[in-house]
Amino acid sequence: MDTLLRLEDLTMHYKTKAGWVQAIDGVSFSLDKGQSLGLVGESGCGKTSIAMSIMRLLPYNAQLVKGRILFGGRNLYALSDEEVRQLRWKEVAMIFQAAMNSLNPVYSVGNQIIEAIVTHEPETGEDEARERVESLFELVGIPKERMDHYPHEYSGGMKQRAVIAMALACNPSLIIADEPTTALDVIVQDKILREIEDIRRKINMSMIYISHDVSVIAEVSDVVGVMYAGKLLELGPADDVFKRPKNPYTYSLMHAYPSILGEKHDLVTIPGEPPNLLDPPTGCRFHPRCDWATKECGETAPLWREITEGHYLACHNPIRTKQGKSCKQQKTAKGGDVIDTSDGN
Amino acid sequence: MRRYVFGRLGQVILTLLIYVTLVYFLMQAMPGDITMMYLSNPKIPQAAREELRKQLGLDQSLFMQYFSYMKNFFRGELGVSFSQYPKPVWDILMEKLPRTFVLFLTANVLSFYIGFVLGKVIAWRRGRAIDYAATVVGITFWTAFYPLLALVVIWLFAYNLKWLPLNQFIDPRLWSTAPFTANQVFGNMVSGAAIVAIGIFLISYYLLRGLKPSRRSRVYAWSLAAALVAAVLVIAARKGMLIYIWDITRHMILPVLTLTLINFAGTMLLMRDSMLETVQEDYVLAARAKGLPDHVVRDRYAARTALLPTVTSLVLSLASSMSGGMVTETMFSWPGLGQTLFTAALSNDYPLATGALAFTGIFLLIAHFIADILYAVLDPRITYTGQSDV
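Those protein sequences? They're chains A and B, same order as listed.
Residue numbers 1 to 345, in this note's numbering, belong to the letters of the first sequence in order.
Residue numbers 1001 to 1390, in this note's numbering, belong to the letters of the second sequence in order.
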């Protein structure tokens, strides 16, 4: 398959008064055409920074330290501002974290989508663009009469759909969905995720989902990347990563959620809190919170390597198969928290 | 909406009633009356003074005077001026009002526009040199003592450089042979300007609609606007008024300049502050992500929503400068409402002073009324359903 997007050793830091915040550190992955990638991790682990790096929408205090982003073979950071502007939305569109607020309150929703179309396709007339918006609205399930309404006249779920319609407006080859459904209740969330997936498969578009919610990622991604403190710890086919997690952090993240349909298991919490990225821990950034950590973990950073076909890992001491069971004793022995779901938690 | 408008109008009338009452008693509280001016005149004996008082109705009780004043006020009769007897107050005010209105409208709209554009630009380039430069210059003028600034401006442009007239509304030497009165020319000027303004508004409304007006319709719109301006000028020239219009315009430049200099920073800083908040909104980031050109993101997204609070400042400054216009009109000897009020107050001419103040109040109330309507036009989120506070 053709590679659409490739991040090579992307390292991006923010300059602050307190020093350099190492928001993204040595992240590499590639995304094929028509593939969907899910990035999962705690808040502040650099997921959104990656999205913004791909859009080249970083704040003024961000600096690309090393690495590059290749989109369709073109190095994004070698392009001029004007070239990037033309690339945005036409090639890479985005569904924002706060879809509720990403619509301009003083223009009608339809006009905001028409604006995107006529900006990128000047040959398209306004009437033609309007027709396209009508079919987009149909696609995402908003009555087309609502086109001329203002954002405040929409419900939360409708705004979310409108933002999705907007992302689809110029038929981009990649859509980055940054927490696309976080503000919605679970039922609407599920419905919208399924709709996005349907549309994506229909038009064979690539997608990057960003979420802190493992269940969201599990539902929609072909490939899953697990991030922690600005680093990618594990990346591989969704089935592989979720069924046989190799990185202890992935394992803990998976078991931090109760499963309704699966077997009952103990909920695992990860002791401590994410590190301060101004001064991240040496070696593996997760080692202070890791039950599997050895001396080596605190000294040298683990290499990013391919362990099986398409499954990448950065860990000195990966979990071997069937080790999951013994984890409970190990954790309790070390004083980690284990919560039994049968207690009603 | 209609219910709201009518309810609001009712409020306006009620407020006006209270306001005029207050103004009336405030004026009456001033010591003495018009006849005091004749005290030192030996030719007018005490008996004649009493007669004069009786004639002017000053011998009646205060409340009787008040009731007859209010009765007449709402019938549009403001009485007769004492100091310019027997000229009706209404006629005097109608002569002065347009001059004041045009002067301050021009100055306020100009300073609002300059403030809006500068505020938008410096907020977009915050922290750069232009931000500091505009802020320092703006604050300097904003804090300047107004009469002093007016004198400096007069000294520089009128006395030193001799580019513009010192003061006054017209040049008497030019007008002594004029076939028109100043008011005729001024009236024509105002209606001409109004025609041009309305015409340009209609042209841009009908031709430049939509997100991206085509090149042809833009050319069309510009040429239509130019033709309209030319037509108005040609009509003025054929009437032989052009030179007189130019004379009045020349006399307007300095007061407008001074008012603009002192006022623009207020709007500029308000706009800057307001926009520094909107640039952080998610929809501005989304607009950039959409690949819209920089100036579109700035104007249609960040500045458009930041505009709303600054409109309040435009309307209020317009209204307050009407009353504060006394200083300007005195400094520039501009024969308008402010100057009339000033001389009327000095000469105990109650009907004229009360009438002038009442008109200032009417302006203020109308301005607030327009502001309320304007919000609903500018911000679709505001709707007046007419339930509350009416």
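What the hints contain is simulated information worked out from the structure, not anything from laboratory work.
The beta carbon of each residue, even a glycine, is placed where N, CA and C say it ideally should be.
Some hints here could point you the wrong way.
To be verified - With a cut-off of at most 25 Å between alpha-carbon atoms, the simulated DMTMM-like pairs for lysine to aspartate or glutamate come out as follows:
id, chain 1, residue 1, chain 2, residue 2
1, A, K243, A, D266
2, A, K17, B, E1277
3, A, K90, A, E42
4, A, K66, A, D148
5, A, K90, B, D1299
6, A, K15, B, E1281
7, A, K90, A, E138
8, A, K90, A, E134
9, A, K90, B, E1281
10, A, K15, A, E42
11, A, K144, B, D1379
12, A, K90, A, E121
13, A, K90, A, D222
14, A, K144, A, D127
15, A, K90, B, D1294
16, A, K17, B, D1299
17, A, K33, A, E219
18, A, K15, B, E1277
19, A, K15, B, D1282
20, B, K1054, B, E1095
21, A, K202, A, E128
22, A, K15, B, D1131
23, A, K17, B, D1091
24, A, K144, A, E131
25, A, K90, B, D1379
26, A, K243, A, D279
27, A, K243, A, D213
28, A, K17, B, D1273
29, A, K90, A, D2
Said to hold, decoys possible - Partial list, derived from the structure: chain A residues whose beta carbon lies under 7 Å from chain B:
id, residue
30, M55
31, L58
32, N104
message: When the structure is checked against the list of hints, which entries are broken? Sort them ascending.
response: Numbers 3, 4, 16, 20, 23, 25, 26 and 31 - these are the hints that the structure violates, sorted from lowest upward.
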